[in-house]
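Work out the full structure: start from the sequences and follow the hints.
4 protein chains.
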Amino acid sequence: MVIVMQEGATDAQIQHVIDRLVGSGFNVHRSTGESHTVLGAVGVHRDFDHRDFELLDGVREVMRVTQPFKLASRQFNPQGTIINLGRGVTIGGNEVVVAAGPCSVESREQIHIIAESVAKSGAKILRAGAFKPRTSPYAFQGMGEKGLEFMREAAEKFALFSVSEVMDASQIQMMIGYVDILQVGARNMQNYHLLRALGEVRKPILLKRGMSATMEELLLSAEYILAGGNPDVILCERGIRTFETYTRNTFDIAAIPVIKKLSHLPMIGDPSHGTGRRDKVAPMARAAVAAGADGLLIEVHNDPDHALSDGAQSLDPGQFEQLMGELRIIAPAIGRRVA
Amino acid sequence: MVIVMQEGATDAQIQHVIDRLVGSGFNVHRSTGESHTVLGAVGVHRDFDHRDFELLDGVREVMRVTQPFKLASRQFNPQGTIINLGRGVTIGGNEVVVAAGPCSVESREQIHIIAESVAKSGAKILRAGAFKPRTSPYAFQGMGEKGLEFMREAAEKFALFSVSEVMDASQIQMMIGYVDILQVGARNMQNYHLLRALGEVRKPILLKRGMSATMEELLLSAEYILAGGNPDVILCERGIRTFETYTRNTFDIAAIPVIKKLSHLPMIGDPSHGTGRRDKVAPMARAAVAAGADGLLIEVHNDPDHALSDGAQSLDPGQFEQLMGELRIIAPAIGRRVA
Amino acid sequence: MVIVMQEGATDAQIQHVIDRLVGSGFNVHRSTGESHTVLGAVGVHRDFDHRDFELLDGVREVMRVTQPFKLASRQFNPQGTIINLGRGVTIGGNEVVVAAGPCSVESREQIHIIAESVAKSGAKILRAGAFKPRTSPYAFQGMGEKGLEFMREAAEKFALFSVSEVMDASQIQMMIGYVDILQVGARNMQNYHLLRALGEVRKPILLKRGMSATMEELLLSAEYILAGGNPDVILCERGIRTFETYTRNTFDIAAIPVIKKLSHLPMIGDPSHGTGRRDKVAPMARAAVAAGADGLLIEVHNDPDHALSDGAQSLDPGQFEQLMGELRIIAPAIGRRVA
Amino acid sequence: MVIVMQEGATDAQIQHVIDRLVGSGFNVHRSTGESHTVLGAVGVHRDFDHRDFELLDGVREVMRVTQPFKLASRQFNPQGTIINLGRGVTIGGNEVVVAAGPCSVESREQIHIIAESVAKSGAKILRAGAFKPRTSPYAFQGMGEKGLEFMREAAEKFALFSVSEVMDASQIQMMIGYVDILQVGARNMQNYHLLRALGEVRKPILLKRGMSATMEELLLSAEYILAGGNPDVILCERGIRTFETYTRNTFDIAAIPVIKKLSHLPMIGDPSHGTGRRDKVAPMARAAVAAGADGLLIEVHNDPDHALSDGAQSLDPGQFEQLMGELRIIAPAIGRRVA
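Protein chains in written order, with the working numbering: chain Y, 192 to 530; chain P, 192 to 530; chain L, 192 to 530; chain D, 192 to 530.
Possibly wrong hints are sitting among the right ones.
[Unchecked claim] Residues from chain P shown here face chain D by an in silico Cβ test under 8 Å; the list is partial:
| id | residue |
| --- | --- |
| 1 | Glu198 |
| 2 | Thr201 |
| 3 | Thr433 |
| 4 | Phe434 |
[Said to hold, decoys possible] Footprint (simulated), chain P over chain Y, 3 or more residues, beta carbon under 8 Å:
| id | stretch |
| --- | --- |
| 5 | 319 to 330 |
| 6 | 347 to 360 |
| 7 | 369 to 382 |
| 8 | 461 to 473 |
[Claimed, not checked] Distance ranges between label pairs, derived from CB positions:
| id | chain 1 | residue 1 | chain 2 | residue 2 | range |
| --- | --- | --- | --- | --- | --- |
| 9 | P | Gly509 | Y | Gly216 | 27 to 33 Å |
| 10 | P | Gly335 | L | Met254 | 33 to 39 Å |
| 11 | P | Gly271 | D | Ser361 | 56 to 62 Å |
| 12 | L | Lys337 | P | Asp507 | 47 to 53 Å |
No wet-lab data here; the hints were simulated from the structure.
Computed from a predicted structure; not experimentally measured.
Glycine included, each C-beta is placed from N, C-alpha and C at the ideal position.
Printed below as a string of structure tokens:
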């Protein structure tokens, strides 16, 4: 922590700050400049509210120095984490992995048709929701466990891995019987009870960035899972909330290279939620891969016009097939490949 | 729902949209203007993704007409909900009710000292956290049930009601033995599993606005609780996330009169989280009351410099006493009073 | 400037940063901590792009220490600037001064009626636009100089001071013949050509915060005017752009006490633009005064339903009269008064 | 315009709204639904403040139907505008055109070295600033006309076109003697005095999106120029301001496909300002092209570490050369090419 004193701070004020720092277990270095005194405080605390010092008399500004996350930081694993799903599919390595499927499982037939189609186009993971977080209590809330059962059948039949959202810690045990990756939705990114429970799971967790979460907060939420003992966290940019309302969210593609530098964890993009509009999904999917994403999460529906949820942001199978072709051209520009 | 067709939309396109609307159970009115055809769709659906129609050929724009919340709307209870806590204390009536106390219960002694002090200054409710949602897994996470026990003792001793945050549905049964009001934190505003569980509780719920939640989303989260059978929801503005970083959040005071017009539920303000800086709490508390808040949630600590969490935004007892005096002058300007 | 090196930065990297700092004219203090080396750079530059150092090898973070504004800072004039308009009216002193009037001058009759009415209710300044910055080129653009002429007549007749917006440096000479205060609109807050020209004017400037300007940027824009030789700058919060769209802008009332602490300049609030809705103007006006505003800018129209612009956010004379009465109750809570 | 009346609106209220609409020159269609009455108002006004109707008794919501821009809309020129710079270089056609160069002209030598280098790598346009809009009055403000002279020499020598920022209408006549494209910076996007003056110019205008401007506002600012008689407007996404502060701005890449659909004007991206960090420029440049940008604006400096401004976001010539190679791989994925 670095504390900058105001111009004209008195010796007594400076000494009081030093005493408080020492009392909190910090080693203090004092630099006396022409106009400002600067105090450097070095210690072991990751949990420290720097605002406590901001309000002391004579203090101009307090700046944190230590990154608040440790296990999630790039330094912890400089070469980067590669998550091995099996059968040669890895996330975080050279291949850009695509997860595709409907917003919600709607029926056995629907999920089979879509699984077959996305597998043929090159997807490696089947994505679909069984428990849906809906803004309105009156909206379709998902098929529940039955949906997971259908999803598992379809994934196995077409040699896909699977990912689905877990909404509450009480669902974890049941869900790990059905899916390969547990997804934490944007609205639950700071549901710490859930994050702690997922730290004890032995399956990869796909953690989506909250709608108004900074990149640092995303990494701190990952830290909850990592600190609990689960090393396999996949991060996901899915759009942030800004003043612009034409798109449902503002898809913050820069978060991809930023997070890849700050952290060793794989980072994928979800252009379906990132834009909320079908006709913008392909451009943003291409952009995410061009920016270095380790994978994509894309909503595909065999009949988007009649989807029970989010049809407006789902590609149809033909659009998805075309997109995969475009991605195969783009990925080599940065030394990656798409299956 | 109102659908505006593009200039030059063909009859076939218009008919296709009408067919889709009718197929979805709507009654359709068609207005043919000079440049645009406008379709009015009237139906019973509250669950409808208007984006499904935005992507149809020939459609310019789709606008929702029905408010998506019903039980939370002002029309449902035009005279406004007044929540009766007992002993003559009500929220939503003529009196501006103040809840005060530390961010976290830290010890029996601490909570007793603070309870006595805030009661003396005019607070009616003791606020304190026993389970703390912390951004970092390494930060103090609260005393847990022991803290609630101390809190209850202190509240009873000084004739205060009490409010504390519930972080997970599994904590509800235990917590209602200790507190009078269950608080849902900003990070959990869209934790639908928790909201549904709180619909079955028979105690008032204090629901905080999420950091990036619109006012409509806040009311939809309230709707989850109301639809579950619990009519006693208190809404709370606690600051939203914007580009401005000097204050921890941007305290959106306009939300107070806006929500009071849209909904019959009481609406209070939390200037401590709304600003994150002790020296800004009093101005914003005064502003919230001047704007019509039904109450305030204020962090007060007997020794803010040594608080285990959020000391930087806590008033000391003297500052709180002074603030209450200022509020007693302001409230009558709009026909309210402060105890 | 404080530069924090990465854990594991090499001596060569550290020395390179030091050399760059010295080469840029800084004095450098080096603190070697257990995990991090911290470099404090002290110098005279106010113009420095700290990002230049962020990209050097081995650097973790760079933090600016010196405030980039000087003449606008509170330290420059700790007791606060009071702007004397004459006839006993001052801004920044004990009295909360209210400027009121229509969005646009529409006719001689209109501006006279409104001026008479707001003067009677206690306003000291007449506000009205003659040149209007309109988002659409097809919207009413104001009456121009004729409007200023009508405005001056009305102001003089009812012993009011006057304020109107200047949109371009070429209008300044003409406008100072008509108005007492020149207003810079939010869209022009960073029109540096205009700001520089206003530095040479000998009338007070009312500088509105840009829609997405930080408080620091507002003070830097004030610095342009102050550095040009004009000491009389009045700052104005008028709402910022956020994700919330129910109100036209989010009125950031906390900016009032924040700016009052950072700067010696008077700070007023504009709840009409801050909310964009007539029924929210009075609550937000009360809130701004309760938070410590030195004044208010309020749109009042004798016939809001037929105003040529912004009628939706204009109070009618009766509403304004009632508001002034409410403000007279609130101001004394913080030792201020309203005429 | 569509006006939705409240449930329970009285016939008198509905009639009053109709009368107001008719009085304002609208034709009105009334749809009486089960719960709501909806009024469709068709007229010729592009200048209409819909908020005027929102506050009438009995009104629930007012929705604008007509797009407020006309000359900028895609419908006005469905096949898209292609701006011909000469010598076979066009913007808006099949080729992705890259403008590159330093933030500021610093010397004759500097601009020649950079011009030669970027021309060799495939840039078609030289970009550089002679008048700089700087947040601080103490920062380097550019070389002025001398810089433009150097820039013109360098551009001609290496067969490049040139673009530079105009900050005030008074500079236009002088600048058109030196540059091929006049740039309007983000801070001036709503400087209507300047926009109107540029409508009379016969050179293309590069109009940057303001930091907090919606896409619609960008198009309305373009409308000012188009309505003035200048048909050659190039739009530019350069990052918006959001809560995320790790990057200088949030580069809203989705704006590219959105604007391309709403408007016929060419749309380019500026990843240098969009991110503010050199190491993020190449990923975002690739992403912009993958999303369909018609061109790029990229800061390149021969010695970024010693640039007088914005060195932190400038590529060096080697990085730019590599980026151009990557773009040549990506562009064909969507049927485009890079020179």
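Hints, verified against the model:
1. Glu198: 7 Å, holds
2. Thr201: 15 Å, violated
3. Thr433: 6 Å, holds
4. Phe434: Since the shortest Cβ distance to chain D is 5 Å, the answer is holds.
5. 319 to 330: This one holds; 7 residues, not fewer than the three required, reach chain P with a Cβ under 8 Å.
6. 347 to 360: holds (count 3)
7. 369 to 382: Coverage by chain P holds here, the residue count being 4 at a Cβ distance below 8 Å.
8. 461 to 473: holds (count 4)
9. Gly509/P / Gly216/Y: 27 to 33 Å: 29 Å, holds
10. Gly335/P / Met254/L: 33 to 39 Å: The hint (33 to 39 Å, Cβ to Cβ) holds, given that Gly335/P and Met254/L are roughly 37 Å apart.
11. Gly271/P / Ser361/D: 56 to 62 Å: Distance hint for Gly271/P, Ser361/D holds at roughly 58 Å.
12. Lys337/L / Asp507/P: 47 to 53 Å: 58 Å, violated
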